[in-house]
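Chemist: Let chain R serve as the given structure and place chain P on it in line with the hints.
There are 2 protein chains.
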Amino acid sequence: MAQEIERKFLVTGEFKSQAFAQDRIIQGYICSAQGRTVRVRIRDNRGYLTIKGASNVSGTSRYEWEHELSLAEAEELMKLCEPGVIDKTRYLVRCGKHVFEVDEFYGDNDGLIVAEVELASEDETFDKPSFIAEEVTGDRRYYNSQLMKKPYKTW
Amino acid sequence: MAQEIERKFLVTGEFKSQAFAQDRIIQGYICSAQGRTVRVRIRDNRGYLTIKGASNVSGTSRYEWEHELSLAEAEELMKLCEPGVIDKTRYLVRCGKHVFEVDEFYGDNDGLIVAEVELASEDETFDKPSFIAEEVTGDRRYYNSQLMKKPYKTW
Numbered sequence: 001m002a003q004e005i006e007r008k009f010l011v012t013g014e015f016k017s018q019a020f021a022q023d024r025i026i027q028g029y030i031c032s033a034q035g036r037t038v039r040v041r042i043r044d045n046r047g048y049l050t051i052k053g054a055s056n057v058s059g060t061s062r063y064e065w066e067h068e069l070s071l072a073e074a075e076e077l078m079k080l081c082e083p084g085v086i087d088k089t090r091y092l093v094r095c096g097k098h099v100f101e102v103d104e105f106y107g108d109n110d111g112l113i114v115a116e117v118e119l120a121s122e123d124e125t126f127d128k129p130s131f132i133a134e135e136v137t138g139d140r141r142y143y144n145s146q147l148m149k150k151p152y153k154t155w
Numbered sequence: 001m002a003q004e005i006e007r008k009f010l011v012t013g014e015f016k017s018q019a020f021a022q023d024r025i026i027q028g029y030i031c032s033a034q035g036r037t038v039r040v041r042i043r044d045n046r047g048y049l050t051i052k053g054a055s056n057v058s059g060t061s062r063y064e065w066e067h068e069l070s071l072a073e074a075e076e077l078m079k080l081c082e083p084g085v086i087d088k089t090r091y092l093v094r095c096g097k098h099v100f101e102v103d104e105f106y107g108d109n110d111g112l113i114v115a116e117v118e119l120a121s122e123d124e125t126f127d128k129p130s131f132i133a134e135e136v137t138g139d140r141r142y143y144n145s146q147l148m149k150k151p152y153k154t155w
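Here the protein sequences come in this chain order: R and P.
All residue numbers for the first sequence refer to UniProt numbering, where the first residue is 1 and numbers rise by one.
All residue numbers for the second sequence refer to UniProt numbering, where the first residue is 1 and numbers rise by one.
No wet-lab data here; the hints were simulated from the structure.
Given the structure is predicted, the values throughout are model-derived calculations rather than measurements.
One copy or any two copies: either way a pair holds, since identical chains are not told apart in the list.
Derived pair list, reagent style EDC-like, types lysine to aspartate or glutamate, alpha-carbon separation capped at 20 Å: (1) Lys128 <-> Glu6; (2) Lys52 <-> Glu66; (3) Lys52 <-> Glu68; (4) Lys128 <-> Glu101; (5) Lys52 <-> Glu82; (6) Lys97 <-> Glu124; (7) Lys79 <-> Glu4; (8) Lys79 <-> Glu64; (9) Lys16 <-> Asp110.
Chain R on its own, in the form it takes in the complex (with noise of 0.2 Å):
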C-alpha cells in the first residue's frame, strides 16, 4: 500500500507524436464508492487488481494498493464489475524528468483526453508539456470510476 500522489490535465495539443510507447487499457470497477474503489485492469494481457482509497483535501494524493493478476483471473473478476467499462489507450510522453501518461478515452467517454503525472511529493515542480491545459486534478468527475457512471458524452 503506497500513497499516490497525482496531476492530471486536460490535453488540447498534438502529443502522438512525442510517445515513446502506448498500451490499449480495458478496466471496470467492482466497487466505484467514494473513497474506496476496486478496479480490475486488462493492459497488455495482463491483469491487475487495484484498490484505491479516499483523496486527500485537494485530490491530489491517494492511498493505492495494486495486484497483478493473470489474464484468466482478470477476465473473471471482469464478469463481476458494474455496468460500464472504460476503454481507452494510454500513450506515455516524457517531458524533463517525468513521464506523463496521457489517456485517450473510446466509445462513451469518445473526445476526452487527460494527462496525469506522478509525483514523489506534493510540492515536487514538474515541466509543463506543451499539449495540457486545464488542471483537473481532484475533480471527480475526471476519475475513471466517475467516467464509467457519467460517461464524458452526457456532459
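Modeler: For chain P alone, coordinates are given in the frame of chain R:
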C-alpha cells in the same frame, strides 16, 4: 478464481468440546453489494483479500477469488472498509469426512452461531453433526456482509 460450494446451518447444540482448532477472525468489507463483495480479513495475524460473486439460485454456490495479504497490508485495507466490522471465533469440527466451520459471533452479532460445510459438488452428501439445526443456506441475512449492516441483535 474457483467455485465455492457451501451449506450453512444454525447451531444450537454444544460443539466446542469437539473442535480441533479455533481462530479469532476480524473482517470488514470494502464492498458489500449484492453479487460482488470485497472482504478484508485478519485471521491469526495473516491477512486475506477475498472477492465473491453472485450466488446461484439455491444459494449453494458462488465464485470466489482469494489473495493472501501481509498483516500490514490488511490493516491498511481495513481502514478503507465500510463502517462496521465482523468479529468472531471460528472453530473447526470434524464430522465424518467433512470439516464444519462453526462461527461464534461477538459484538452486535452476539448470540449468533452458524456452521458451514464446504462440498465438492452441490449434491455431495455429508453427515450432520448433532449440534446443527435449521439450514439457512442462501438466506442473505446470514451473509457476513449483511450481518455487518443489519446485525443479529437488531433482528
